[in-house]
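Work the whole structure out from these sequences, hints included.
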Amino acid sequence: MIYVYWYLGIGVAVLAVVYGAHQLTKEKESESLRELLEAVNPDRKKLSFRILNNLVAPVLAAILVVAVWPVAVYMKVKEMLKKKDGAGVEEEREFAVERQHLLERLTVQEVEKREVVTDPLKAAPELPFGHLNGAWKQFLNGKPDGGELWSFSARWQTTWGRKELRSGYVMVQNGAPGAHFLTVWKDLPEEADAGERAKRARAGDVAGWLRRQAD
Amino acid sequence: MTAQIAERLNYQGEDVAMCTNPLSDYFAMGGINPRFESNCTALWRGYVGSWEIVDDRLYLIGLSGTLENGTDASLATIFPEFPERVFAHWYSGTIRLPQGKQLDYIHMGYGSTFERDLFLDIERGVIVATRVQHNGVAESEGAPEGYEVGAMTVFPRADKGGGGAA
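Listed in order, the protein sequences are those of chains A and B.
Residue numbering for the first sequence follows the working numbering, beginning at 1 and increasing consecutively.
Residue numbering for the second sequence follows the working numbering, beginning at 1 and increasing consecutively.
Certain hints may be false.
As the list claims (entries may be wrong) - Here are the simulated BS3-like cross-link-like pairs (lysine-lysine), alpha carbons at most 27 Å apart as the crow flies:
1. A:Lys137 <-> A:Lys78
2. B:Lys101 <-> A:Lys46
3. A:Lys113 <-> A:Lys163
4. A:Lys163 <-> A:Lys186
5. A:Lys143 <-> B:Lys101
6. A:Lys143 <-> A:Lys122
To be verified - Simulated coverage check for chain A against chain B, where a stretch passes if three residues somewhere in it have a Cβ under 8 Å from a Cβ of chain B:
7. 122–128
8. 172–185
Derived by calculation from the structure, the hints in this document are not laboratory data.
Note that the coordinates shown come from a computational prediction; the quantities given were computed from them, not determined experimentally.
Built from N, CA and C at the ideal position, the CB exists for glycine as well.
Right under this line is the structure:
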């Protein structure tokens with residue numbers, strides 16, 4: 001029986017350490033994060049959710065820690081090692097043109113001829129890429145010696161699973177695509193149910209929304 | 001996060017809310033991108049554009065906002081040689097125009113849902129297709145009609161970190 005008391009005593013000590021460490025290291029939930037979470041899950045505002053989240057769950061967790069504290073110690077150590085490695089943070093993948101995206105090798109003159117913008121209301125400069133002519137020139141300034149100009153079209157999936165189509169032109173040197181200039185950048189619809197798709201695109205696709213705000 | 005103020009679109013003679021930001025793509029593609037000041041949580045992008053469809057082509061015809069240096073922004077701020085009208089040839093994608101009564105209010109981005117969505121599919125600034133999606137019928141007679149933002153926090157000038165409840 002003495003072993004059981006020792007086991008539970010260590011469990012209580014572990015609980016105290018884990019609780020203290022949690023209180024010292026936890027980050028305060030910001031107002032904007034709280035709003036975001038409540039927007040995604042309106043149930044968070046309900047009293048029942050708060051009782052479950054703020055009372056029932058912590059009490060159950062405390063009982064579990066005391067009962068199976070070796071597991072809690074293992075989990076905590078694993079979490080600390082993961083943080084140390086920086087593996088916990090998943091960053092957005094950065095788009096880059098790959099060889100399989102290349103379509104056609106072109107000269108600057110060919111590209112500029114096909115990309116002249118015309119508008120009947122004269123609301124765009126009649127130049128290659130219209131209002132983006134300056135950006136195009138800047139892109140050409142970075143053309144490496146011996147570099148080739150290729151058109152490309154790429155289907156790209158972001159870290160959060162949003163599918164996009166990106167097309168344009170890319171500098172290729174020694175067979176390796178480098179800097180690119182976009183002419184089309186749009187979201188591709190999912191194959192799933194259209195209604196659900198639209199709802200998700202509007203409400204749940206935080207990453208997509210952030211991209212649209214990122215100006 | 002707060003529901004965002006929509007862009008405005010003159011479509012078939014009506015001024016409607018447009019829940020898409022085509023200027024974002026212009027900036028992302030390398031266009032002139034002045035630093036806008038965000039003066040409230042409902043307008044993180046810092047400006048509101050006015051758009052128009054003429055002969056199936058998308059035009060930007062106005063812009064209001066404030067730059068970080070305190071000066072007012074206009075169309076000429078981004079397009080100095082086209083201060084009245086700009087053809088949005090850079091934009092390819094789908095423009096969403098919510099219609100009818102509100103079904104669900106989502107206090108984030110353009111997340112609120114409405115009885116219908118009119119989608120305009122655009123390729124390089126030109127409408128190539130339009131479609132209407134029916135999302136349901138509002139249960140309440142008193143459900144608000146049209147897109148609106150429920151609440152926001154307005155930042156005092158030179159103090160964007162604080163603010164009251166949104």
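To see whether the hints hold, each was checked on the structure:
About 51 Å separates the Cα atoms of A:Lys137 and A:Lys78, which puts this hinted pair outside 27 Å; it is violated. At most 27 Å may separate the alpha-carbon atoms for a hinted pair to count; B:Lys101 and A:Lys46 meet this at roughly 25 Å. Among the hinted pairs, A:Lys113 with A:Lys163 is inconsistent with the structure: their alpha-carbon atoms are about 30 Å apart, more than 27 Å. This hinted pair checks out: A:Lys163 and A:Lys186 have alpha carbons roughly 9 Å apart, not beyond 27 Å.
Our distance criterion of 27 Å between C-alpha atoms is broken by A:Lys143 and B:Lys101, whose separation comes to about 52 Å. As the CA atoms of A:Lys143 and A:Lys122 are separated by approximately 31 Å, the hinted pair breaks the 27 Å bound. With a cut-off of 8 Å between beta carbons, the stretch 122–128 of chain A has 3 residues touching chain B; three or more are needed, and the interface restraint holds. Here's how the stretch 172–185 of chain A fares: 5 of its residues keep a CB closer than 8 Å to some CB of chain B, so the rule of at least three is met and the hint holds.
The structure fails to meet hints 1, 3, 5 and 6 from the earlier list, while all remaining hints are met.
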